[in-house]
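Colleague: Protein chains in written order, with numbering that gives the first Met the number 0: chain G, 0 to 205; chain E, 0 to 205; chain W, 0 to 205; chain P, 0 to 205.
By construction, these hints were calculated from the structure, which means they are not laboratory data.
These numbers were taken from a predicted model, which means no experiment stands behind them.
Some hints here could point you the wrong way.
When the alpha-carbon atoms are kept at most 30 Å apart in a straight line, the in silico BS3-like pairs for lysine-lysine are as follows [to be verified]: (1) G:Lys133 x G:Lys205; (2) G:Lys205 x E:Lys47; (3) G:Lys31 x P:Lys137; (4) W:Lys88 x G:Lys22; (5) P:Lys198 x G:Lys22; (6) G:Lys11 x G:Lys47; (7) G:Lys205 x E:Lys142; (8) P:Lys88 x G:Lys11; (9) G:Lys205 x P:Lys137; (10) G:Lys11 x E:Lys198; (11) E:Lys88 x W:Lys142; (12) G:Lys47 x P:Lys31; (13) E:Lys47 x E:Lys142; (14) W:Lys47 x W:Lys11; (15) P:Lys22 x P:Lys47; (16) W:Lys133 x W:Lys9; (17) W:Lys142 x W:Lys88; (18) P:Lys205 x G:Lys22; (19) W:Lys11 x W:Lys142; (20) E:Lys47 x W:Lys137; (21) G:Lys31 x P:Lys142; (22) E:Lys47 x G:Lys198; (23) G:Lys31 x P:Lys22; (24) G:Lys31 x G:Lys47; (25) P:Lys88 x G:Lys47; (26) W:Lys11 x G:Lys198; (27) G:Lys88 x P:Lys47; (28) P:Lys205 x G:Lys133; (29) P:Lys137 x G:Lys22.
What follows is a set of in silico ranges between Cβ atoms, one per label pair, in the way DEER data are often shown [as the list claims (entries may be wrong)]: (30) W:Glu195 x P:Arg166: 53 to 61 Å; (31) E:Glu45 x W:Gly15: 47 to 55 Å; (32) P:Tyr191 x W:Arg102: 54 to 62 Å; (33) E:Lys133 x W:Ala12: 39 to 47 Å.
Which residues of chain G face chain E? A partial, calculated answer using Cβ under 8 Å [claimed, not checked]: (34) Leu28; (35) Ala30; (36) Asn32; (37) Ser33; (38) Glu96; (39) Leu176; (40) Asn203.
All C-beta atoms in this analysis are idealised placements derived from N, C-alpha and C, irrespective of residue type, glycine included.
4 protein chains.
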Amino acid sequence: MNAIERLAEKFKAFPGIGPRQAKRFVYFLLAKNSSFLDEFAELLREVKDAVARCQSCCRFFVRTSPEGSRCPTCADLERNTSTLMVVEKEVDFETIERSGAYRGRYFILGGTLPPLEKEPDRRIRARELEALVKARAKEGSLKEIIFALSATVEGDHTRRFLESRLRPLTEPAGVALSTLGRGLSTGLELEYSDAETLKNALANRK
Amino acid sequence: MNAIERLAEKFKAFPGIGPRQAKRFVYFLLAKNSSFLDEFAELLREVKDAVARCQSCCRFFVRTSPEGSRCPTCADLERNTSTLMVVEKEVDFETIERSGAYRGRYFILGGTLPPLEKEPDRRIRARELEALVKARAKEGSLKEIIFALSATVEGDHTRRFLESRLRPLTEPAGVALSTLGRGLSTGLELEYSDAETLKNALANRK
Amino acid sequence: MNAIERLAEKFKAFPGIGPRQAKRFVYFLLAKNSSFLDEFAELLREVKDAVARCQSCCRFFVRTSPEGSRCPTCADLERNTSTLMVVEKEVDFETIERSGAYRGRYFILGGTLPPLEKEPDRRIRARELEALVKARAKEGSLKEIIFALSATVEGDHTRRFLESRLRPLTEPAGVALSTLGRGLSTGLELEYSDAETLKNALANRK
Amino acid sequence: MNAIERLAEKFKAFPGIGPRQAKRFVYFLLAKNSSFLDEFAELLREVKDAVARCQSCCRFFVRTSPEGSRCPTCADLERNTSTLMVVEKEVDFETIERSGAYRGRYFILGGTLPPLEKEPDRRIRARELEALVKARAKEGSLKEIIFALSATVEGDHTRRFLESRLRPLTEPAGVALSTLGRGLSTGLELEYSDAETLKNALANRK
């Protein structure tokens with residue numbers, strides 16, 4: 000493979016990118032002037048150095064001081080420490096932050112669990128979550144863990160797996176486990192709602 | 000216009016049918032043998048005679064006796080009469096019945112209200128609903144009216160309009176007004192949830 | 000099944016209509032006033048009486064006199080009788096007429112042939128086409144038969160089947176067999192063209 | 000903007016990438032191990048050095064020797080030099096090569112011309128094409144220039160613009176100008192064909 004093909008291969012590994020678009024990316028870059036490419040390559044190196052994984056929530060964050068090991072959200076003293084919201088990935092964290100609906104702490108799971116996964120700990124950060132919950136439960140400030148996963152088969156399976164892993168820690172400590180409410184989401188027409196959503200929407204009526 | 004064009008015109012009035020599909024319907028019918036067409040025309044007459052609008056919930060239903068004026072759901076004595084669910088249209092009623100989530104009574108509104116509608120009573124059966132609520136409140140069995148409308152701008156507007164129309168009747172009678180719960184609907188990924196849905200999902204967590 | 004369900008069943012037989020839209024059609028009709036339904040049923044009967052199949056091109060047409068047995072296109076003396084265009088269905092005929100590209104005669108095949116069809120004569124009007132070609136070849140006016148079928152596997156298969164059926168008639172009579180040209184169709188981007196289309200587009204360049 | 004946001008900005012400039020997918024790319028890269036990122040940055044530098052623009056057809060190609068200034072296609076002595084195919088972009092060149100339909104030379108235009116473009120020479124390599132045609136016409140080997148542009152308004156406009164620019168050079172030299180043939184493209188159903196395509200398909204029948 001020549002350099003064009005090898006770069007296209009790299010782009011094919013990107014989420015949602017097929018062979019045609021990978022090629023288009025290569026030609027797009029080739030058509031750019033040299034400084035765009037240099038900046039881009041530079042930024043790739045820079046981002047790796049500038050970014051660290053938060054020791055508490057496991058989220059990627061841009062370090063502001065060399066010794067910082069917790070992200071701004073975990074370091075923010077005004078955040079409510081009584082709730083811990085478990086999300087799948089960084090983009091979900093950003094979606095919730097943008098909504099302004101939540102002011103507590105987070106944990107980034109790093110994935111979801113397919114129903115028949117043999118080695119769950121290689122897929123999601125279940126052990127890291129256990130350790131965090133153990134520590135936070137000991138401190139006594141944690142009151143509730145909120146599972147904010149997608150309303151999909153895999154999201155539900157992941158939640159049930161985590162509930163059974165965490166319950167031995169949370170029950171003695173009086174920490175509640177909760178899940179985002181189900182119901183009609185914005186824009187959904189009643190006619191196209193499934194039975195599960197209707198049952199939940201009816202149970203959650205107010 | 001000749002007969003083919005006039006029949007195509009009729010089909011163009013059907014919901015979701017454009018000129019091309021309307022024509023396709025006509026040729027589909029022409030290619031069928033005579034008995035299909037006769038049966039079809041016969042069924043069209045029959046359905047009009049066989050079907051009545053329920054005097055209580057305003058739903059179309061197939062009459063089983065000539066004098067029946069209430070649909071089987073409204074006539075069903077095992078149905079819970081303490082709740083009345085307001086839906087937009089027949090298909091919504093069927094969706095909810097199929098889900099098995101609800102065992103109370105219904106009211107078919109016949110449409111929704113666009114935000115700036117000047118003559119709401121020509122669009123939806125608000126007056127019929129008022130009359131029904133008045134009668135049911137007097138009997139004393141009605142405890143709750145559930146608005147089961149789509150989670151859309153028009154659905155929300157319609158619900159607020161009806162709430163303000165009904166409150167003078169329901170408040171003195173101690174009848175509650177409620178709305179289907181909002182939250183993540185089945186299949187929704189967190190990443191694609193809007194702020195409104197997330198807020199509701201968080202408030203409805205359990 | 001009651002009358003509503005039976006009418007919905009009929010609509011489900013319509014091309015492209017699923018169970019949900021079939022139900023929507025029924026409720027649409029029920030909500031219409033009586034005269035719409037009467038007109039509709041009347042039109043269904045009328046169209047069957049008013050429409051005949053042309054004895055020459057097999058197309059449905061609206062009879063203008065009781066004894067007319069040929070459609071206006073076949074009866075039009077200004078039409079060029081030296082070419083006969085074979086199309087799949089009425090809607091294709093209309094598409095070509097609307098384009099204004101063709102002023103000759105037509106034949107409506109009534110379908111296409113799936114590759115492994117055992118009884119081709121039950122699927123398409125191959126025998127009727129043979130009879131017409133035989134008669135027209137005898138008259139001596141016919142010079143060319145143009146296959147105007149879809150550029151699909153089934154369209155191509157149908158064309159090859161008809162070519163081998165017709166050749167014994169057309170070759171002795173000096174009637175040419177032709178097919179619509181392949182190439183880039185309007186709106187097609189080069190990047191999304193398949194090899195077959197490109198080869199044809201290149202061969203047909205001008 | 001921090002490093003994550005700046006890298007996301009870069010990805011937003013890529014063809015077809017919105018803000019959400021740009022972010023997803025950044026987190027995808029952050030989750031990869033260090034060596035993936037290093038390889039990727041390295042490849043970006045390498046590709047720029049390894050790739051040159053062909054002095055003849057203006058295509059990007061991977062240099063095999065330091066002094067090579069013509070791409071393998073232009074340097075290939077077995078290629079037919081009597082035809083020159085003008086395409087919009089590299090991906091179109093690849094599509095045609097993959098089809099195996101063409102064995103002549105190419106010219107990469109670098110874009111198409113919107114109908115009201117004031118400065119056409121900043122959008123497409125019209126001047127470079129003129130220079131090439133002039134040189135090739137002088138040599139005497141060039142017989143035909145084939146415009147292989149998309150069958151779109153912009154493609155047609157670009158072709159007409161180039162025809163009028165090139166004619167003063169090609170007419171005296173006896174070089175023909177041609178365009179890919181129009182007609183039914185593979186998979187197109189007759190019913191969905193536009194008038195233009197039908198006219199061309201009929202004219203190109205065979």
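Colleague: Next step is simple, just say for each hint if it's right about the structure.
Modeller: Hints, one by one, checked against the model:
1. For the proposed pair Lys133 (chain G) and Lys205 (chain G), the alpha carbon gap of about 36 Å is over 30 Å, so the pair is violated.
2. Taking the CA atoms of Lys205 (chain G) and Lys47 (chain E), the gap is near 39 Å; set against the 30 Å cutoff, the hint is violated.
3. For the hint linking Lys31 (chain G) to Lys137 (chain P), the alpha-carbon distance of about 33 Å lies beyond 30 Å, and the restraint is violated.
4. At most 30 Å may separate the alpha-carbon atoms for a hinted pair to count; Lys88 (chain W) and Lys22 (chain G) exceed this at roughly 42 Å.
5. At roughly 35 Å between alpha-carbon atoms, Lys198 (chain P) and Lys22 (chain G) are farther apart than 30 Å, so this suggested pair is violated.
6. About 21 Å separates the Cα atoms of Lys11 (chain G) and Lys47 (chain G), which keeps this hinted pair within 30 Å; it holds.
7. For the given pair, Lys205 (chain G) sits about 14 Å from Lys142 (chain E) by alpha-carbon distance, which is consistent with the 30 Å threshold.
8. Between Lys88 (chain P) and Lys11 (chain G) the alpha-carbon distance is near 20 Å, which keeps this suggested pair within the 30 Å criterion.
9. Of the pairs offered as hints, the one joining Lys205 (chain G) and Lys137 (chain P) is violated, with about 84 Å between alpha carbons and a cut-off of 30 Å exceeded.
10. Using a Cα cut-off of 30 Å, the hinted pair Lys11 (chain G) and Lys198 (chain E) is violated, with the two alpha carbons roughly 36 Å apart.
11. For a cut-off of 30 Å, the pair hint linking Lys88 (chain E) to Lys142 (chain W) is broken: about 60 Å separates their Cα positions.
12. As the CA atoms of Lys47 (chain G) and Lys31 (chain P) are separated by approximately 10 Å, the hinted pair is consistent with the 30 Å bound.
13. Using a Cα cut-off of 30 Å, the hinted pair Lys47 (chain E) and Lys142 (chain E) is violated, with the two alpha carbons roughly 35 Å apart.
14. Among the hinted pairs, Lys47 (chain W) with Lys11 (chain W) is consistent with the structure: their alpha-carbon atoms are about 21 Å apart, no more than 30 Å.
15. The suggested pairing of Lys22 (chain P) with Lys47 (chain P) holds, with an alpha-carbon distance near 25 Å, which does not exceed 30 Å.
16. Proposed proximity of Lys133 (chain W) and Lys9 (chain W) is contradicted: the alpha carbons are some 40 Å apart, above 30 Å.
17. Restraint check for Lys142 (chain W) and Lys88 (chain W): satisfied, since their Cα atoms lie roughly 23 Å apart, inside the 30 Å limit.
18. Note on Lys205 (chain P) and Lys22 (chain G): the hinted pairing is violated, with a Cα-Cα distance of about 37 Å set against a maximum of 30 Å.
19. Distance hint between Lys11 (chain W) and Lys142 (chain W) is unfulfilled; the C-alpha atoms sit about 44 Å from each other, more than 30 Å.
20. The straight-line distance between the Cα atoms of Lys47 (chain E) and Lys137 (chain W) is roughly 55 Å, outside the 30 Å bound, and the hint therefore fails.
21. Taking the CA atoms of Lys31 (chain G) and Lys142 (chain P), the gap is near 34 Å; set against the 30 Å cutoff, the hint is violated.
22. For the proposed pair Lys47 (chain E) and Lys198 (chain G), the alpha carbon gap of about 34 Å is over 30 Å, so the pair is violated.
23. Our distance criterion of 30 Å between C-alpha atoms is met by Lys31 (chain G) and Lys22 (chain P), whose separation comes to about 21 Å.
24. Distance check on the hinted pair: Lys31 (chain G) and Lys47 (chain G) sit about 24 Å apart at the alpha-carbon level, within 30 Å; holds.
25. Note on Lys88 (chain P) and Lys47 (chain G): the hinted pairing is violated, with a Cα-Cα distance of about 34 Å set against a maximum of 30 Å.
26. For the proposed pair Lys11 (chain W) and Lys198 (chain G), the alpha carbon gap of about 29 Å is at most 30 Å, so the pair holds.
27. With a CA separation close to 34 Å, the supplied pair Lys88 (chain G) and Lys47 (chain P) exceeds the 30 Å bound.
28. Taking the CA atoms of Lys205 (chain P) and Lys133 (chain G), the gap is near 79 Å; set against the 30 Å cutoff, the hint is violated.
29. The hinted pair formed by Lys137 (chain P) and Lys22 (chain G) fails the criterion: a straight-line CA distance of about 36 Å is larger than 30 Å.
30. Take Glu195 (chain W) and Arg166 (chain P): their Cβ atoms lie about 32 Å apart, and the range 53 to 61 Å is violated.
31. For the pair Glu45 (chain E) and Gly15 (chain W), the beta carbons lie near 25 Å from each other, so the given range of 47 to 55 Å is not met.
32. In this structure the hint that Tyr191 (chain P) and Arg102 (chain W) lie 54 to 62 Å apart at CB is violated, the actual value being about 23 Å.
33. Between Lys133 (chain E) and Ala12 (chain W) the CB atoms are about 45 Å apart, so this pair conforms to the stated range of 39 to 47 Å.
34. A hinted interface residue such as Leu28 (chain G) counts as satisfied when its beta carbon comes closer than 8 Å to some beta carbon of chain E; here the least separation is about 27 Å, so the hint is violated.
35. Because the beta carbon of Ala30 (chain G) sits about 32 Å from the nearest beta carbon in chain E, more than 8 Å, this interface hint is broken.
36. For the restraint placing Asn32 (chain G) at the interface with chain E, the shortest Cβ-Cβ distance is roughly 34 Å, beyond the 8 Å limit, so the hint is violated.
37. Here the hint on Ser33 (chain G) is broken, as its CB sits about 36 Å from the closest CB of chain E, past 8 Å.
38. At its closest, the beta carbon of Glu96 (chain G) sits 10 Å from a beta carbon of chain E; the interface hint therefore is violated under the 8 Å criterion.
39. Given hint, Leu176 (chain G) at the interface with chain E, is violated; its Cβ is 10 Å from that chain's nearest Cβ, farther than 8 Å.
40. A distance limit of 8 Å between C-beta atoms decides the matter here; for Asn203 (chain G) the minimum to chain E is near 3 Å, and the interface restraint holds.
Going down the numbered hints, you'll see the structure goes against 1, 2, 3, 4, 5, 9, 10, 11, 13, 16, 18, 19, 20, 21, 22, 25, 27, 28, 29, 30, 31, 32, 34, 35, 36, 37, 38, 39, while the others check out.
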